[in-house]
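All chains, please: the whole structure from these sequences, using the hints.
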Amino acid sequence: MTVTTTITPTGSAPAAKSPGPRSAALRTLLRNRLALAALVFLVLLLVAALCAPLLAPADPNAQDLLMRLRPPAWEAGGTGAHPLGTDQLGRDMLSRVVYGTRVSLLVGAGAALLAGVIGTVVGLASGYFGGWPDRVLMRVADVQLAFPPILLALAIVGFLGSGLWYVILVLGFTGWVSYARVVRSEVLSLRSRDFVTEARAIGATDAAIMRRHLLPNVMAPLATIGTLHVAAAIVAEASLSYLGLGVPKETVTWGSMLADGQLYLGTSWWVAVFPGVALMLTSLAVNITGDALRDVADPKAYRR
Numbered sequence: 001m002t003v004t005t006t007i008t009p010t011g012s013a014p015a016a017k018s019p020g021p022r023s024a025a026l027r028t029l030l031r032n033r034l035a036l037a038a039l040v041f042l043v044l045l046l047v048a049a050l051c052a053p054l055l056a057p058a059d060p061n062a063q064d065l066l067m068r069l070r071p072p073a074w075e076a077g078g079t080g081a082h083p084l085g086t087d088q089l090g091r092d093m094l095s096r097v098v099y100g101t102r103v104s105l106l107v108g109a110g111a112a113l114l115a116g117v118i119g120t121v122v123g124l125a126s127g128y129f130g131g132w133p134d135r136v137l138m139r140v141a142d143v144q145l146a147f148p149p150i151l152l153a154l155a156i157v158g159f160l161g162s163g164l165w166y167v168i169l170v171l172g173f174t175g176w177v178s179y180a181r182v183v184r185s186e187v188l189s190l191r192s193r194d195f196v197t198e199a200r201a202i203g204a205t206d207a208a209i210m211r212r213h214l215l216p217n218v219m220a221p222l223a224t225i226g227t228l229h230v231a232a233a234i235v236a237e238a239s240l241s242y243l244g245l246g247v248p249k250e251t252v253t254w255g256s257m258l259a260d261g262q263l264y265l266g267t268s269w270w271v272a273v274f275p276g277v278a279l280m281l282t283s284l285a286v287n288i289t290g291d292a293l294r295d296v297a298d299p300k301a302y303r304r
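1 is the number of the first residue of the sequence shown in UniProt numbering; add one for each residue after it.
Derived by calculation from the structure, the hints in this document are not laboratory data. Watch out, some of these pointers could steer you wrong.
[Claimed, not checked] Keeping only pairs whose Cα atoms sit at most 25 angstroms apart, straight-line, the calculated DMTMM-like set for lysine to aspartate or glutamate is:
id, residue 1, residue 2
1, K249, D260
2, K249, D59
3, K249, D64
[What the hints assert, rightly or not] Using C-beta positions, here's what the derived DEER-type ranges look like:
id, residue 1, residue 2, range
4, W74, Y264, 12 to 20 angstroms
5, Y264, R212, 50 to 58 angstroms
6, R193, A58, 55 to 63 angstroms
7, L66, L44, 30 to 38 angstroms
8, L30, G90, 41 to 49 angstroms
If you're wondering where the values come from, they're calculated on a predicted model, not measured in any experiment. Virtual Cβ for every residue (Gly too), placed ideally from N, Cα, C.
If you want it as structure tokens, here you go:
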């Protein structure tokens, strides 16, 4: 009698693959409901800026003195034709707030992009080459840090004159130092790594090494700094416009609306409050988004 024994191979089930950094970063972001709300607000703000002619109920510069200082629609004396009321010249507040979004986002994004490009180039060169280029560039950065950014911006704008593109240039040139310092710090820790040494050994040029190997490794902190700089640039533009040194008067900005409305705070609060709230919420949303990006870029966040 032959006994047949069937042996079933046993083995542990294959281990589940650990989530990659992208999926872990996405989960970290999705867990942050405040950051998601801020991101949704910024998306809606961008849509409002792009579709301002469709969303605004009237021309933001159209004057109607017979309708001056009308309150919002929900207050006595308000009208549905002007949901947020009118200013001292009878201009529709909702239209002006919506059109002001365009200038704020353009200045914020433009200044952050310009500062990021300058700071990244300076930081890469300073950290990679070291020596006297590093010393010279960092001393220039130290000198600029000795002056308050808004004071430096006021001096430059006062010298060059007001204008939208002047404001973007000034805020970009006064904001590159933080980018340069962070990029330099990252490059100093990366330039002695094996992948850089191997790239240099096979004949890669310095420019190719910085572009292909170093730059991708500093993009995460750059994104965080850039987001925070957008908020700072928006507030700085509003400050310059409030002081009469920003964009031309005929261009609608939240800062100029605040300057016009300060005289009416006691009697017609909406003239200054609505642009002020828009400025506050935008700055807050950008800062919250920047904090969330910082948490996502932190490797420790993936393990939480």
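Practice prompt. Please name the hints from earlier in the document that this structure breaks, with their numbers sorted from lowest to highest.
Written response: Violated: none.
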